[in-house]
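> Kindly produce the complete structure, drawing on both the sequences and the hints.
Protein chains in written order, with the numbering used here: chain E, -2 to 111; chain V, 35 to 148.
No lab work stands behind these hints: they were computed from the structure.
Each residue gets a CB set at the ideal place from its N, CA and C atoms; glycine is no exception.
Be a bit skeptical, because a hint or two may be false.
No farther apart than 30 angstroms at their CA atoms in a straight line, the calculated lysine-lysine pairs in the DSS-like style are these [stated by the list, open to error]:
#, chain 1, residue 1, chain 2, residue 2
1, E, K55, E, K66
2, E, K66, V, K105
3, V, K37, V, K52
4, E, K46, V, K105
5, V, K52, E, K110
6, V, K37, V, K87
7, E, K55, V, K104
Below, a sample of chain V positions facing chain E; criterion: calculated Cβ distance under 10 angstroms [as the list claims (entries may be wrong)]:
#, residue
8, Q71
9, G74
10, G76
11, G97
12, L112
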Amino acid sequence: AQSVTQLDSQVPVFEEAPVELRCNYSSSVSVYLFWYVQYPNQGLQLLLKYLSGSTLVKGINGFEAEFNKSQTSFHLRKPSVHISDTAEYFCAVTPNTGGFKTIFGAGTRLFVKA
Amino acid sequence: DVKVTQSSRYLVKRTGEKVFLECVQDMDHENMFWYRQDPGLGLRLIYFSYDVKMKEKGDIPEGYSVSREKKERFSLILESASTNQTSMYLCASSLTGRFGNTIYFGEGSWLTVV
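Right, dumping it as structure tokens:
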């Protein structure tokens, strides 16, 4: 079984400051890792994903994430945030053995202040 | 552009009513999902379907049923709505569950049961 823990429920940050949203997971098998973003009153959309290869993954809107297998983490970062980045961010894992079960974290709400 | 469309964005229903939430995808995806989203709980899987007329229970199927008569359409049914089913419901779809495929979400349906 898999589980995902997003360590911060809310992260307030000033515009143009850097941000890191933390995600840890546990799994008995290898997994694929995802970050999704949900803007107000919308569904989720993919920000980036790690399947294999380079552990640093770049996504849309200037976000990137680093897979750390030894620490079972997949933290999301952006060097300079904008007001428009205000949204809820979900970390998710899917076992790479196939199947349909994607496990989502509880979400981190990012507030970007002017 | 890929599209998952949920027929109703906002619904208010009375306790005991039968409620239908409809979802259509235009990407020819095999898999379709219904999630429930509540604050602090993230996304919880209600049901998923990997083919026409095929369905599997997710984590919280009690009080819900689903129907998939056509590949592009997946319906969620609340047989007798209760106030604890007040929530945001998200429909989603993806290609076959292997290889870390992206999940595509609809914009969500806000259901209030009074």
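> State for each hint whether it applies.
Hint-by-hint comparison with the structure:
1. A C-alpha spacing of about 17 angstroms is found between K55 of chain E and K66 of chain E, which places the hinted pair at or below 30 angstroms, so the restraint holds.
2. With a CA separation close to 37 angstroms, the supplied pair K66 of chain E and K105 of chain V exceeds the 30 angstroms bound.
3. Under the criterion of a C-alpha separation no larger than 30 angstroms, the hint pairing K37 of chain V with K52 of chain V is consistent with the structure, at around 27 angstroms.
4. In summary, the hint linking K46 of chain E to K105 of chain V is supported, as the alpha carbons are separated by about 26 angstroms, within the 30 angstroms threshold.
5. Among the hinted pairs, K52 of chain V with K110 of chain E is inconsistent with the structure: their alpha-carbon atoms are about 43 angstroms apart, more than 30 angstroms.
6. Our distance criterion of 30 angstroms between C-alpha atoms is met by K37 of chain V and K87 of chain V, whose separation comes to about 21 angstroms.
7. Note on K55 of chain E and K104 of chain V: the hinted pairing is violated, with a Cα-Cα distance of about 36 angstroms set against a maximum of 30 angstroms.
8. Below 10 angstroms, beta-carbon pairs count as interface contacts, and Q71 of chain V has one with chain E at about 9 angstroms; its hint therefore holds.
9. Hint status for G74 of chain V: holds, given a least beta-carbon distance of 6 angstroms to chain E, under 10 angstroms.
10. For G76 of chain V, the interface hint holds, the least distance from its beta-carbon to any beta-carbon of chain E being 4 angstroms, beneath 10 angstroms.
11. With its C-beta approaching chain E no nearer than about 21 angstroms, G97 of chain V sits outside the 10 angstroms limit, and its interface hint is violated.
12. Violation of the interface hint for L112 of chain V is found here, the shortest Cβ-Cβ separation to chain E being roughly 20 angstroms, above the 10 angstroms cut-off.
Consistency note: the structure conflicts with the earlier hints numbered 2, 5, 7, 11, 12.
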